[in-house]
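Chemist: Each protein sequence line maps, in turn, to chains Y and W.
Following the working numbering, the residues of the first sequence are numbered contiguously, the last one being 697.
Following the working numbering, the residues of the second sequence are numbered contiguously, the last one being 1196.
Careful, some of the hints might be misleading.
[Said to hold, decoys possible] If you anchor each label on the Cβ, the simulated ranges turn out as follows:
id, chain 1, residue 1, chain 2, residue 2, range
1, W, L787, Y, G234, 43 to 51 angstroms
2, Y, A419, W, R1112, 52 to 60 angstroms
3, Y, G191, W, P903, 41 to 49 angstroms
4, Y, A572, W, R1112, 25 to 33 angstroms
[Claimed, not checked] Only some residues are given here: those of chain W computed to face chain Y with a beta carbon under 7 angstroms:
id, residue
5, V755
6, V764
7, G768
8, C1173
Please keep in mind that the hints were generated in silico from the structure rather than gathered at the bench.
For every residue, glycine included, the Cβ atom is placed at its ideal position computed from N, Cα and C.
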Amino acid sequence: MTATPTHCPYCALQCGMTLTPGDGPPAVAPREDVPANRGGLCQKGWTAADLLTVPDRLTAPLMRPRRDAPLEPCTWDEALDRIAAEAAALRAAHGPDAVAVFGGGGLTNEKAYQLGKFARIGLGTSQIDYNGRFCMSSAAAASLRAFGMDRGLPGPITDLGRSDAVLLVGGNPAETMPPFMRHLSDMRDRGGALIVVDPRRTATARVADLHLRPLPGTDLALANGLLHLAIAEGLVDEAYIASRTSGFEAVRMAVNGYWPGRVERITGVPEPHLREAVRLLAGGERAHILTGRGGEQHANGVDTVSAFVNLALALGLPGREGSGYGCITGQGNGQGGREHGQKADQLPGYRRIDDPGARAHVAAVWGVDPAVLPGPGRSAYELLDALGTPDGPKALLLFGSNPVVSAPRAAAVADRLDALDLLVVADFVPSETARRADVVLPTTQWAEESGTMTNLEGRVLRRRRAVAAPDGVRTDLEIISALAGRLAAPGKWSTDPAEVFEELRAASAGGPADYAGITYGRIEREGGVFWPCPSEDHPGTPRPYLDRFPTPDGRARFVPVEHRGPAEDVDAAYPVYLTTGRVLAQYQSGAQTRRVAALAEAAPAPFVELHPDLAERLGIADGADVRLSSRRGSATVRARLTGDIRDDTVFVPFHWAGEGSANLLTNPALDPVSRMPEFKVCAVRLEPAGPAGEDAS
Amino acid sequence: MKDGLEREPMKAGAVAGRIVVVGNGMAGSRLVTAIRDRDRDVPLTVFGAEAEQPYNRVLLSNVLAGVAEPGSIGLVDPAWYEANGVDARLGVEVVAIDRERKIVRAADGSETPYGTLVLATGSTAFVPPVPGTRDGKDGGLPDGAIAFRTMDDCRAIVAAAEGARTAVVVGGGLLGIEAARGLVGRGLDVTVVHMAGHLMERQLDPGAGRVLARTLRRLGIDADLDATVTALEVADGRVRGVRLAEGTREADVVVMACGVRPDVALARDAGLTVERGVVVDATLTSVNDPDVRALGECSQHDGTVYGLVAPAWEQAEILADLLTGADPDARFTGARQITRLKATGVDLVSMGETHHGDDDPEVEVVRFTDAGRGTYKKVAIRDDRVVGAILLGETGTAGTLTMLYDRAAPLPSDRLGLLFPGVGAATEADSPVRMPDAATVCQCNNVSKGRIRACWEDGARTVEEVCARTRASTGCGGCRDTVEGIVGWLADQDAVPTG
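The following block holds chain W by itself, in its conformation from the complex:
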């Protein structure tokens, strides 16, 4: 517990020597600022392969959609580094790690010694090795074909979309759909070509995938499912379309959104244990070198490589706690992943195990579908805990569900409230008839319906008289209508001949 009164920084567990961070993306930049939040003095160097200031990759879809400017999604002001004594080598790529001498070598020929090395190299877009992907002028992708990953990619897509009429997005995962939404918003005819039988198959079950496809179709995005791109059609160094089993689909722009691969070449060359990512323990330390740490998409913890920002940021906070000694007991114990699609007109949240059907006796599935309106909601429950959920089309309970899922908290008894906001909270109208005498009408002056009735029976016949005698409605004034209703009802009662 932080007491606030004992705010002396605890340096006991802090690492010795310079901290060198390789990679200045979402994970690396977060780590650097988190370290400086805790320790103003520890020598700190960060290498960033992109010359750009670190930016929020989550917002690239907004840039693509035209709702954010490329220059407006930065995370760290370039001036911040100097002001905070951080040696920032932006646009300088690290080419080798010498673990014997504890130095990193950069493309500019420099050698930088480290006490602790942190790998935050992230991942790179995966381009399937099919014909045409190396037919560009420089031996890479041809003009008009872009792998969607970085700010530069985003700019290239925006530029290519200028004057273009048709686009194919290869890959119907999260990023592919966001790219498709951005392109359709720029006036292009867009088709998503996807290998699996339904969109976002890692996050969605087939039912949700179908509803999503329907929603996208309404927005002008077609989905070509169970379709494998066997080649890019290229002419004169420029992409003309994609080749599929059933023929060629022409396109002026082809966006490759086929997933990412952890960038682990440096680590592998340095002899570190690498599976899909750099293998680290709960302190985010390489399993074969106590002076090397890794976090974010290039790291692998307990068999998992996390591809989302939230776990990377959590790791950054934990690693900063460890490296500065702010909390020597900080540990990464795995993260729950929640995916949210950022595409105008499509509200979608997915978390955890979403593929359960009704056949598993251990798992309770609560589901609602209204495909016509683009709504699909599903919650999977095991041991009274949310283990997975999909909200598509209407996400009003996302806040509740993410909390329950994140914290593995026991579920509310009201299961409907998991799917529909406000259902559990419906209030009864303050009907003067149904209200019991003990019910408080005026909170401000603690006046019950019974007192108003007594006041009536005592001869008060107007709302003004009742209010003057009971002080009802003289506070906030909010119960005036209710008082009027009760007085009116009492008057009606009196008017009824009682025989």
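Next up, chain Y with everything else stripped away, as it sits in the complex:
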């Protein structure tokens, strides 16, 4: 049997793996030729093929005749006809924005592109956004305003291994993308220093040379404090600031208010640690500052990232080979998924939908009048929150996402979905969201389809079909094409990923995320191509910014930012901070990984991590059931006692549905720029649940 080289279905590291069909699921083997994982895989990757044989795989469309009737198998024509008819009727009755689309950061570039196009000219709706809004949108916005462009890492991932210091803010790659740690190990083996910022002593923090443990929601003050010290100790790169940036004076002024004593008081990070961090970062030739969701998923997430970008700029890192600022993208195609038009305010190529030039270019590729393109729509949470309301969409077509588990204040989101006239979910398993749908469309998955993914480096990769799909399922492209046909949408609606990619190349040409010079053949020959790549004779751009930044004046921009604190602080009624995140053996909403036996065994159920001191005060024993309550809801999970967390903060992973779902608690306060919800901090109360709790009270 031949081995098909492809990539892991899960996170943005997109580890290279081969799939070799045999009896049962194909055999997985790590690829040595992919720099991101260099022969490594985590348990999720090793067991990825088990996804192909999950017992409750959807293989026929499902439909419920009425809201209160169960989902029952139907034919594809019945399902598609109903969707097209109801969508058309709703559009006729309420206007084109009556039908909304929700996408995902796991979709291939081809699907994300086609979905955005379908929304704009198939349905004519402005109401499209995607779950990437919950992922790295804050980093994206901050990068755009500083550099004029948003690409995850500033260079090939192997640059990290040659760095002298990496400051990792709110990221836990040892659990979320373990092979990433190989690059940090390389760095440390060469004498480089890893500095981790995290309120928890995570698996990543445990191997750090310096661990800063700020109070949740105070990362911005920490960053401003580090910059304050860098200035005070004469460690900033004045020549770089003068020649390659603008706006430093305003930032210097702003960080004058962040002297170490004040920052220590806001963040709880002792001044010697602040000084040590600055010394390590400024001490070497090369350094990186990286942010993850911990710094980004806040109501001030964009400003927080800007604060760290300011620090990177002051130290002269961005645009210097082997140094820079980067965002650790989360979802498999979190990078490509945000570039090609499934975001409410964007057209393919990372173009702005309110830019007349961008509209004209894309409309020409699509063969329509620019005037028919809708304007910007609602952002993800605002879109979900508007569903079924008098002014909101009446129907939702959802691809590659499970917001009933992954959205903040999830119970309210479920209510909004139930208020729709029509909910359509395309997925390959009956996710919690799919189970609420009126129509469920069974799709192919990962190893059954081909296309391209853009990993956290900004490197475009090939996902290849390794096995045949089961009978009865269709690809997302086939579904979109069939619906476009029924809705008499203008333009071409190919079902061949290669053809769609050709169209994507043309649509992205000249945009910030320019894929015009990237071909499937080049990706295969060159082991991936970095965008921007404007022509076929262009080598791609592993390290942007070396000569100039893609801003009007070619300079990177400093942005002064101020600490605001969490949108919801603790008080007498809700006295403990809750932060949410991930565990190694699960991925995102868990719709996939909870169905893989080995992963379910490794991480079977949600839990709350709390400090033994806090547990003692609350009368909570290790392993006992704990009820957590916030102003938005309650969740019941097992207690897991650990000294690795602050005693004013608890942690709950968000991969599970039902009564242990972390997002029943989270606060949908949104960042004013990125519209990112504040997943990473809210105020909760804890109490023992069940009979044990009653005994204790």
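Dock chain W against the given chain Y, drawing on the hints supplied.
Modeler: Relative to the frame of chain Y, chain W by itself:
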């Protein structure tokens, strides 16, 4: 709670008319920017007696020490005022308040009407009324003697230090010690003359004061304690030293750091209730005029005049919330004060009640002294809460302590961890022998020690074989050493004859 989705500004409680802020120091400038953050439109005037742009007074010690430039510690760009529609009268002193007509009169003769008047006049350096302090050419301090308070003072000290050999700092409080540290860094012989029996007696207990004096001595700063300056020695309008009970101490430069007095003359002349500061309630409103507010060092709340920046900034945020209606329920309920010395080579944090001994049964005192290394640590605990602390010499737990003190949070069971960072967090080495079979060796692939042992027992004899079979170390690679250790240990076990 701010919901983020309901971000319409609530103007219901906003004040009517122009807001006039008198004083553009740390408190006033913070208030002005905080108001504009919340309300782009409310008419706003600010008077600043110093022509300088507002600067961060906390950083003056850095300027004195030569680690910051005078021009680099600004807080608000002068261009900001115009860009944000703020009528800024910098270098214009307010000379009178007419509460009847609701206007303020300035030294330039202008009259400015207000709807709400905010006093942020701060405080001025206190100069003890001893002979010599009025013997300068203009009837003030003589040349070479400077009261340390403002940027101008700082510049004057730096200038006076040029070519000078000796300096006396009068006052061994926070500011005096910071000034002494700055001067010794500029190559002067420095003596701190202090009235009390130990340095920083408001923030430190005698033990900490002694350790601090020892640390300063090592840096080249002598402390003359229980010493009262009875006069400045002056000749030809220039200071020559200070006179003490036991004689004269000569000095080329004398820095007066004898504390500050709230600047309340305007308020008093306007008939407002003034004790040590302008008396205000929890909304920072004068107790006898609802249209007059006060904050920062010129104000007095619940009997306390706060002399630090943190409470002033907190008051600025609260007052901005109230004046713009952003949060009509905002109240100032008092602040906890934490002092941090900013002097190179001396790490010092002090908070709350630091003078407790072991005689109070209600108070538990945890203490550590290593005077030789300049370390003194003390935490006072009442009702399982930190009520005071001193960290001198090594401040690694300051972050933890300030949080616990600020929030009156219950203490961790690990009291050692309050004094020594990392003691509570020590981890055991991953010894293959001690590790239980259930312990996870490879997190990435969820491989336990037991599985590695089983794999060995199943015939795998090399690390490579074990890793290939169990997938251990194939994720992040971080457990490779541990796997090697376990395989090596298993090999040793096998080699031991079992009889």
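Chemist: All hints are to be evaluated individually against the structure, with a verdict given for each.
Modeler: We went through each hint and held it up to the structure:
no., hint, result
1, W:L787 / Y:G234: 43 to 51 angstroms, "violated, 29 angstroms"
2, Y:A419 / W:R1112: 52 to 60 angstroms, "holds, 54 angstroms"
3, Y:G191 / W:P903: 41 to 49 angstroms, "holds, 46 angstroms"
4, Y:A572 / W:R1112: 25 to 33 angstroms, "holds, 26 angstroms"
5, V755, "holds, 5 angstroms"
6, V764, "holds, 6 angstroms"
7, G768, "violated, 10 angstroms"
8, C1173, "holds, 3 angstroms"
In summary, the numbered hints that this structure violates are 1 and 7.
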